[in-house]
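Colleague: Could you put together the complete structure from these sequences and hints?
Sequence order for the protein chains is A and B. At position 62 of the first sequence (counting the first as 1) the number is 62 in UniProt numbering, and the numbers step up by one without a gap. At position 131 of the second sequence (counting the first as 1) the number is 131 in UniProt numbering, and the numbers step up by one without a gap.
The reader is advised that the hints may include incorrect statements.
Calculated lysine-lysine pairs in the BS3-like style (CA-CA distance at most 27 Å, straight line) [what the hints assert, rightly or not]:
| id | chain 1 | residue 1 | chain 2 | residue 2 |
| --- | --- | --- | --- | --- |
| 1 | A | 249 | B | 497 |
| 2 | B | 500 | A | 631 |
| 3 | A | 436 | A | 720 |
FYI, nobody ran anything at the bench for these hints, they're computed from the structure.
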Amino acid sequence: MEVLKEKVEEEEAAEREEAAERAERAKMEKMMRPGEPRRDESFMTQEMLRDLEKKVSEIVIPSVEEPLILTQDLIDTSNLPPSYKSNSTKEEHLLQVADNYSHQYSHLCPDRVPLFLYPLNECNVPKFVSTTIRPTLMPYPELYNWDTCAQFVSDFLTMVLLPDPLKPPSHLYSSTTVLRYQKGNSFDFSMLLCSMLIGAGYDAYCVNGYGSQDLCHMDLSREVCPLTMKPKEIIKSEEKQPPKKYAIKPPRDLNSKFEQDQELKKQLQLKAEEEKRRREEEEKLLEEEKEKPDPLHGLRVHCWVLVLSGKREVPESFFIDPLTGRSYPTQDDHFLGIESLWNHRNYWINMQDCWNCCKDLIFDLGDPVKWEYMLPGPEKHRLALSEEDDETLNDEDDVEDLEKEDEEKSFDMPSSWVMQIQISPEAFETRCPNGKKVIQYKKAQVEKWAPYLNNNGLMCRLTTYQDLECTKILEIKEWYQNREDMLELKHMNKTTGLCIDYFKPGHPQALRVHSYKSMQPEMDRVMEFYESARVDGLIKREETPKTMTEYYTGRSDFLSYRHINFGPRVKKPTQCTAESNPRPIVKITECFHRNPEKSADEDVAERVFLINEERIQLRYHCREDHITTSKREFLRRTEVDSKGNKVIMTPDMCISFEVEPMEHTKKLLYQYETMMQLKAAEKVSRHQAWESELEVLEILKLREEEDEEHALTISIYDTKRNEKSREYREAMERVLHEEHLRQVETQLDYLAPFLAQLPPGEKLTRWQAIRLKDECLSDFKQRLIDKANLIQARFEKETQELQKKQQWYQENQVTLTPEDEDLYLSYCSQAMFRIRILEQRLNRHKELAPLKYLALEEKLYKDPRLMDLVKVYA
Amino acid sequence: MSRMYDLMEPKVIDDDMLKLAVMEQGPQEEAGQLAKQEGILFKDVLSLQLDFQNILRIDNLWQFENLQKLQLNNNIIERIEGLENLIHLIWLDLSFNNIETIEGLDTLVNLEDLSLFNNRISRIDSLDSLVKLQVLSLGNNQISNLMNLIYLRRFKCLRTLSLSGNPITEAEEYKMFIHAYLPDLVYLDFRRIDEQVKELAKIKHQFSIDELKHRENVMELRAEEEKAKKDMLEEHKLAFIEYLNGSFLFDSMYADDTEGNKLSYLPGVNELLEVYKDKFVIICLNIFEYGLKQQEKRKIELDTFNECMLEAIHENQEQGKFKIAKFEEKHMLNLSAIREETDLPTIEKKIVECSEDINELFNVLMTLEMQLVEQLEETINIFERNIIDLVGIFIENVQGLMAQCRDLENHHHEKLLEISINTLEKILKGELDEDLPDSVRALFVDKDTIVNAVGASHDIHLLKIDNREDELVTGINTWCTHLVDKIHRDEITRNRKRVKEINQYTDHMQSELDNLEFGDIID
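Modeller: Below, the structure is given as structure tokens:
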């Protein structure tokens, strides 16, 4: 409290003197800091230009190493609004307050670096940092949450290093400028992100402090890529239900407890050893990865964003590094210290010790001991803990509070000088400058592209490496978007050569996952399907060179599984393709789910067709309270008895075991009928197997085609890319335009040239009106006649020419070459055509001319300017 | 319409006719040869056709237990009879006969398609049990009453109806009437019903239909209520406290008690009775609620027990299945190895190995089963103890409450006696003001008479209470013994079944192996 009071008093005193001192101080400052002159003038003076030149030369020198730097001469300041080029009186006042604050601070803490309070903006005007924040709520829903918003900022801007890594920049540009050039240092990043977060309702602050080298250089090569991190499996805490009252007791355990203990001990020992070895290895690895010690550790200036808990359901305060868009807990090792922080309302200096990085900092901005504020604004940041012994001072405090509140009004932070932040939808979609961004992580590299930039729809590629130097590729993951074949993700494992394609719903063959090593048929592959999109309810088809396994669900025949064994292909002299020469099927195994409508003894669970052995094995479902299942085996070999008659059915052709023997199944008739059905079923199954093979071929062919073609789909709502809709829209526009032209034409004033001859501003007399009308009509008549004459003249000319040519032809007919003759003939036909057309036009003109004349007359009669006068006359 | 008797001798359904029909309509070609070899049992026949046989009487069909389709059309049948056993019948064709009344179809609950075309039926009736009926053909009959069709409303599945050729079809509004009253019908007289016409008919008969519907609804509601009441009573009976949730017991005490009723005319007795009744009913209600609670407890106990038993058995089954599956896998391999082996000594060795395997499987399965039996036995014993305890507590508490009833009765008795003696004294002294009915006055002749009367009333009351108590106690005890018996019995049956199953399986395996051996030796 003491400190606070003192400070307030000081402030008040300072303020009183301020007005008088102002001019003097300004001069002093100019002398003290010639490099950063304060400018109140809104126009450029000669002196300013010189300064500017000087500054530019200062900045350009380090930019030799860093060609990306955004220097001031690149910025076009001519179109910026006046608020950028000058300070309002309120801002002036604020600058004075800030100056005073800074003086007091340097007086109180002489060993700390000067504050970052009012850097120059792009027009070389000092602007207070809080007013540079322009809280804006962006119209994109994606920018409403902090994580996506931070990701956007980090993607959208290109990072430029600070000119001096040990000092805050001398210039701080407005967010609009930064957005226009898509470049900036960590301060620019933070200001933009902070503006957007505050606009979205977060309690966000820009922090000026010190960061690690990796942080300042946006170096993620020692970080694990977030894309490679597997989502933590939620460990299901299986709640062991208390044993029920009548749960049976387990049988007595007759194993030796001692032996078990010994075994357990041995295993534990082994495990411990292994653990130790692993840990050692890990340590070794960590050692390798460890960064080189940074000589400037703890001195590198960095700017990031702090989000305090409370608003927008943020449970805990955290940092966001705007360069990478990642969030960190406030205890993170990368953040080494905080000088000050600010939002659009106020500015705070950190009065806490940062010997242990930011780990011990308490972000209670209402605590004046820990955080020295600049404006005693109407913040809610009151001291969190109200101490008991303060009570005696309460009355005084109240009085002070009142006074303070009075002051607050005059101390309100002026509104931002920055224009509203705007991001065009195109820029928003393109995101990264030029639509491409590459980030290097530890053992991984991420490349990002804007949608539709790559013509195969590639959006993102993650390459994982085996070693730190990124030479041996481990696996590649590629994310796609807007593809016509619905390919979403391609996962290539370089070590095993396994490729896995993931598809979104909507593939023509309802493919969901396709994992394969080669696109050749009859190799190891697994295809998974969206079973609801398939008529046959196929979920998965696994293939090896010799087998094919299919899994089904939700079928009306309760089939759940089919396994096919293939034998070696029979060699054929002709060309052997999988289509023309299918592999012989050796065995088909089919499993069925329980059909609740049948009794268990009649419901087949497994059906095996041994095709070479001509045997069919059936296994039935197990009854509810049984442990054995009925079985039946049929020999479908047809035999001939001694008399040469075909044996239809003998008891030894069917071997069966029944759990509960039934009468009717013993009958030969029943067995015969069952076998007939099975024979038919076998045929169907073989056909199915063949069809499955064909389908695989078809899918492979389709996939190859799709990969070559890689067509992209365009949403019907995407008006810019959708050709059809664009054509339609353009057509609509054209129609509108034509309509407009027509309207203009109808409004053409026939009288205008004649009215212009008359003295302006006078009312027409009747005589004048009549004359006007007559003149107009006669003029029109003349025009019609002229036109007729013109057509006539052309007609005559053409005819004459034709006659001439004909004459010439008749004279020279004998000597002409065939080519010339052809030429002549074609000329004749063309000329005839022209003449005919001219004739038609003339006739048409003759027909229409009187009509047109009458129409004009009528129109003139109805003309409001002439109507009254002419009517009387008429 | 119907053929005359004298044209042809009526035939009787006899064995030969049936056999012939079955043979003719049974399987053909190769299957037919097999069928001939083996013969076909009547109970395996699903469909039978006996048309144009001049049959007069349906008879001898009881063997066709599983018959689903029966055609008896174009005969001279006069009565529907002898079909009671054919409960699986779905399709019955009795068209072109001489049937006059619908009868004898009450057991055919699965019937979906019934044809009585061209008969002499004048009234649709006796079809109540045919709830699945979908197609009903009643054309060319004598049905003349339009209102008779309302009877068909009860068949919720009926979609096709034919009535053409009946006198009612001549009525003007015949079609409209049917459309309106049978709105679920799709086909009438071989034609699809037009939706529009249906709508029209509905509007036309709106009023009467609404009334009918209302009546049906009321009936339905009443039936439901009755059913709910019955269910409730059933539940109470399960708890052995039926009719204790009111003054039923009290009323029954006074129902047969003439003296008691007479004595209630005495001054002051009415009030006494009122108080007595209130207290008595409260105790009854206590018993009732306690009984319900106990019933709930018993139910939970039983449910938990059953669940645990099931779980244990299920787990055991799974283990058994797993063991068998493992064995079968190995066994199959062994068998095929034996088949391929040519060396006789090795074959024998392998066969011995196999039979050892089978033996081992048998032992494993039996051990599992014995283990389960032991475990279950223990659990059942625990449950038995618990349930007997529960019942004991219940009986004890109910007896306590009943004792309260008796106390109340004794108390009431004393009071009544006192009043009676007072009244007697008053009467003897001639001081009584009120008028008493003569029958009551007759009791007050001397002290013995009145004391006897009051005593008799008291005895009746006590008897009723005792009876009720006995009923309850016997009921619950019987239930308990039955339950425990049943559990033991079920467990024994289960065990027998399982042992039999295991034996059967291993026997089969062994015999298969022996067969193989035998076959090999021949080879």
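Colleague: State for each hint whether it applies.
Modeller: Against the structure, the hints come out as follows:
Simply put, residue 249(A) and residue 497(B) have alpha-carbon atoms about 23 Å apart, close enough for the 27 Å limit, and the pair holds. Taken as a hint, the residue 500(B) and residue 631(A) pair is honoured in the structure, with Cα atoms around 17 Å apart against an allowance of 27 Å. Restraint check for residue 436(A) and residue 720(A): satisfied, since their Cα atoms lie roughly 20 Å apart, inside the 27 Å limit.
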